[in-house]
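If you're matching them up, the sequences are chains A and B in order. Residues in the first sequence are numbered consecutively from 3, following our numbering. Residues in the second sequence are numbered consecutively from 3, following our numbering.
FYI, nobody ran anything at the bench for these hints, they're computed from the structure. Predicted, not measured: the structure shown is a model, and the values here were computed from it. Any given hint might turn out to be false.
Unchecked claim - Residues of chain A clear of chain B, computed beta-carbon distances all greater than 10 Å:
(1) 88
(2) 269
(3) 315
What the hints assert, rightly or not - Some but not every residue of chain A turned toward chain B, in silico, with C-beta under 10 Å:
(4) 98
(5) 100
(6) 287
Idealized CB from N, CA, C, for every residue including glycine.
Protein chains: 2
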Amino acid sequence: MQAEVISLGTELLTGASVDTNSAWLSDRLGALGVPVRRHTTLADDRDAIASAFRESAGRADLIVVTGGLGPTQDDLTRAALADAMGVELVTDADSLAQIEAFFRGINRPMVASNRVQAECPRGATPLPNEWGTAPGIRAELHRATLFAFPGVPREMHAMFERYIVPFVVERGSGQGIALRVLRTYGAGESNVAEQIADLMPPGRNPAVGTTASEGIISVRIVAHAESQPAADTLANADVAEVRKRLGTLVYGADDDTLASVVGMLLAERGQTVATAESCTGGLIAKLLTDVSGSSAYYVGGVVTYSNAQKTALLGVPAEMIAAHGAVSEQVARAMAANCRERFACDHAMSTTGIAGPSGGSDDKPVGLVYIGLAGSDGVSVREYRLSDRFSRDAIRDRSAKMALNMLRRSLLGLSAE
Amino acid sequence: MQAEVISLGTELLTGASVDTNSAWLSDRLGALGVPVRRHTTLADDRDAIASAFRESAGRADLIVVTGGLGPTQDDLTRAALADAMGVELVTDADSLAQIEAFFRGINRPMVASNRVQAECPRGATPLPNEWGTAPGIRAELHRATLFAFPGVPREMHAMFERYIVPFVVERGSGQGIALRVLRTYGAGESNVAEQIADLMPPGRNPAVGTTASEGIISVRIVAHAESQPAADTLANADVAEVRKRLGTLVYGADDDTLASVVGMLLAERGQTVATAESCTGGLIAKLLTDVSGSSAYYVGGVVTYSNAQKTALLGVPAEMIAAHGAVSEQVARAMAANCRERFACDHAMSTTGIAGPSGGSDDKPVGLVYIGLAGSDGVSVREYRLSDRFSRDAIRDRSAKMALNMLRRSLLGLSAE
Chain A
3 MQAEVISLGT ELLTGASVDT NSAWLSDRLG ALGVPVRRHT TLADDRDAIA
53 SAFRESAGRA DLIVVTGGLG PTQDDLTRAA LADAMGVELV TDADSLAQIE
103 AFFRGINRPM VASNRVQAEC PRGATPLPNE WGTAPGIRAE LHRATLFAFP
153 GVPREMHAMF ERYIVPFVVE RGSGQGIALR VLRTYGAGES NVAEQIADLM
203 PPGRNPAVGT TASEGIISVR IVAHAESQPA ADTLANADVA EVRKRLGTLV
253 YGADDDTLAS VVGMLLAERG QTVATAESCT GGLIAKLLTD VSGSSAYYVG
303 GVVTYSNAQK TALLGVPAEM IAAHGAVSEQ VARAMAANCR ERFACDHAMS
353 TTGIAGPSGG SDDKPVGLVY IGLAGSDGVS VREYRLSDRF SRDAIRDRSA
403 KMALNMLRRS LLGLSAE
Chain B
3 MQAEVISLGT ELLTGASVDT NSAWLSDRLG ALGVPVRRHT TLADDRDAIA
53 SAFRESAGRA DLIVVTGGLG PTQDDLTRAA LADAMGVELV TDADSLAQIE
103 AFFRGINRPM VASNRVQAEC PRGATPLPNE WGTAPGIRAE LHRATLFAFP
153 GVPREMHAMF ERYIVPFVVE RGSGQGIALR VLRTYGAGES NVAEQIADLM
203 PPGRNPAVGT TASEGIISVR IVAHAESQPA ADTLANADVA EVRKRLGTLV
253 YGADDDTLAS VVGMLLAERG QTVATAESCT GGLIAKLLTD VSGSSAYYVG
303 GVVTYSNAQK TALLGVPAEM IAAHGAVSEQ VARAMAANCR ERFACDHAMS
353 TTGIAGPSGG SDDKPVGLVY IGLAGSDGVS VREYRLSDRF SRDAIRDRSA
403 KMALNMLRRS LLGLSAE
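Kindly generate the complete structure, drawing on both the sequences and the hints.
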């Protein structure tokens with residue numbers, strides 16, 4: 003069984019909204035063993051929608067449509083589906099009663115335009131919607147079964163569980179599918195890909211691919227097989243092979259972040275960490291405390307965004323800043339060492355650098371960052387020179403990730419990189 | 003001129019990534035007067051991609067393709083475009099030289115697989131990419147001009163400005179279109195929409211709509227007219243009317259954030275701010291320092307994630323914490339007052355709350371947050387109770403925004419809300 007997803011709504015095509023429904027549906031359908039082959043997003047144009055329905059029905063077994071079921075004149079799913087089926091729209095009495103009941107339930111008057119939401123192409127099946135006003139629709143179109151749901155994520159999610167999950171289970175996807183994601187940090191995408199190139203030829207099963215997002219290179223493994231256990235076995239073998247090849251570049255899997263992995267390693271060891279941030283301005287603290295339970299190992303931190311505060315809060319000697327500059331190996335070292343001491347914790351990370359876009363010089367250009375790490379065996383500082391192609395956001399993001407990765411490698415007893 | 007956007011990448015069809023490029027492109031093309039009629043997202047399947055290129059070229063004048071230009075075997079844009087054009091791939095010497103230069107510039111070895119990124123369909127034009135390794139491609143296909151860019155947003159954005167903007171301007175979109183966005187904070191979407199409902203009927207020009215994202219309600223105004231000045235005049239009249247209706251709920255326009263607006267207000271007044279964060283864990287500091295030039299008014303902050311640090315760093319009496327709890331009006335007040343004093347600045351913000359998902363009690367449930375604001379005329383504290391439907395991320399995000407909005411209103415001499 004193969005699926006396509008169609009999203010309707012002019013707001014998606016003006017850039018006013020990002021289409022998150024398609025990603026959600028793809029994730030859920032994939033987990034049910036139904037690969038999604040195409041997303042199509044269309045504006046509110048009845049002919050274009052009807053022809054897209056017909057085209058998809060020629061390729062896919064399952065079509066999920068979101069949006070276009072509201073009460074206004076630019077909600078065209080019902081009419082376009084009737085066109086594609088070559089039938090007329092009829093009013094469904096049960097749907098109308100449910101819409102009327104919905105408005106009674108929320109103590110609001112039902113306006114006349116809501117009546118059109120009870121219409122359905124002749125021969126299609128209205129799908130009751132307990133979570134909002136618009137009923138969904140199920141229809142057979144060529145070789146495909148089409149489900150149309152409202153675009154409101156909460157209603158769409160509930161209707162997916164109610165109507166599509168049983169449909170897929172009943173049909174039996176006939177195959178197992180296993181998805182695995184490994185997360186790496188510290189090497190570029192082409193470098194990672196080269197180490198596993200022989201696993202990546204087109205058409206191989208499992209399919210192995212890499213993606214890059216903000217410095218994180220992910221390796222995705224998708225295995226298909228006759229059964230779920232067989233797909234899991236295939237995928238797990240590739241996971242083991244990729245881990246062997248990439249070694250400690252792999253910091254985690256699935257939803258792991260550098261901060262969550264560092265947190266887990268600290269918790270396992272009963273150790274604590276504090277942060278002393280300049281150029282990252284609180285970002286490392288934010289990333290650490292994104293993780294629920296981080297108060298077990300994260301004691302706190304300071305953001306010393308001015309020279310005076312580096313001295314006042316962290317005891318970095320003013321003479322040191324005057325002699326070497328705030329962005330220097332010496333200041334990063336003092337920030338980390340003094341932070342560890344003042345917070346009385348096992349580890350402390352420090353950052354000082356030039357995030358730009360202004361503030362750089364020939365000697366100390368935008369992108370120059372020093373990261374300090376203090377632990378029981380002393381302080382180490384690394385200098386990074388990020389390309390001037392990086393934005394302010396990217397320089398701050400990579401600096402925070404490099405600091406977290408330095409701590410991760412230190413906790414694992416590895417060299418700095 | 004009408005456009006279509008095609009996004010390539012299996013990660014988009016497994017739900018692993020949300021396609022934000024299509025929304026960005028639609029927004030930018032719309033602003034240039036080029037409506038986008040369709041988004042199509044495809045997995046890494048050469049035949050499906052080639053046939054989608056051909057189909058789009060039969061409908062649209064401009065096709066923008068993102069993704070599939072990387073160095074690996076699942077990057078199929080080059081090959082599929084050659085198929086659709088009925089030509090072969092050739093290596094472009096200039097592109098190869100630029101890729102080699104890029105790797106020299108970042109001091110990394112170029113691996114052999116990067117050579118394929120210099121390939122281009124015969125008759126198409128390689129587009130230099132100064133921001134990454136993969137050159138883009140411009141090709142004529144049936145009635146359409148197709149631009150293929152890397153999927154990395156930073157590179158794609160830069161190449162859009164370099165190559166598509168001049169192309170559209172040269173062709174002339176033939177009509178004026180004006181987009182305006184006003185940003186509001188402090189009221190729900192239905193509340194905002196109710197105050198401007200008469201401006202929002204379908205078919206009205208300008209089209210006025212609201213969208214909600216992470217507590218920010220945006221009002222979008224899109225005006226069409228025969229000429230750009232006429233469209234601007236229409237849009238500006240609605241901007242004035244919406245601002246009049248919504249008053250101080252409007253904190254800014256376009257790309258303004260609460261942090262950037264607060265920064266501007268502080269800079270205008272020559273005043274400074276510091277932060278004392280518990281539940282937001284560095285997020286307010288991060289948001290303030292996202293803004294370039296923030297060192298002019300942000301002096302620094304502390305993240306006191308443990309009770310001991312609230313006492314050690316901020317002088318919050320341990321007895322006060324014992325008597326009232328760390329999440330209390332009293333502690334928020336002491337954190338803000340002492341932070342302002344220790345950092346010797348004009349304003350200080352504090353947060354203490356329960357971000358969850360664990361750590362709540364009947365008395366102090368998840369979502370309870372106290373926000374303190376200290377200034378020259380004393381300290382005010384507000385208590386917020388966010389619904390238990392909010393995630394940890396959302397509670398932290400809203401707490402940071404409420405703190406920034408409190409400071410914004412105070413700087414403008416407005417009541418707390």
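Interface restraint verdict for residue 287 of chain A against chain B (beta-carbon cut-off 10 Å)
3 Å, holds
Could you check that no beta carbon of chain B comes within 10 Å of the beta carbon of residue 269 of chain A?
The claim holds: residue 269 of chain A sits with its nearest Cβ about 14 Å from chain B, beyond 10 Å.
Minimum Cβ distance from residue 315 of chain A to chain B greater than 10 Å, as the annotation requires
7 Å, violated
Status of the residue 100 of chain A interface restraint (C-beta, 10 Å, chain B):
Violated - the Cβ of residue 100 of chain A stays beyond 10 Å from chain B, reaching only about 22 Å at its closest.
Assertion that residue 88 of chain A lies farther than 10 Å from chain B (Cβ)
Since the minimum Cβ distance to chain B is about 22 Å, residue 88 of chain A lies beyond 10 Å and the statement holds.
Hinted contact residue 98 of chain A with chain B - closest CB pair below 10 Å
23 Å, violated
Hints 3, 4, 5 from the earlier list are contradicted by this structure; the remaining hints agree with it.
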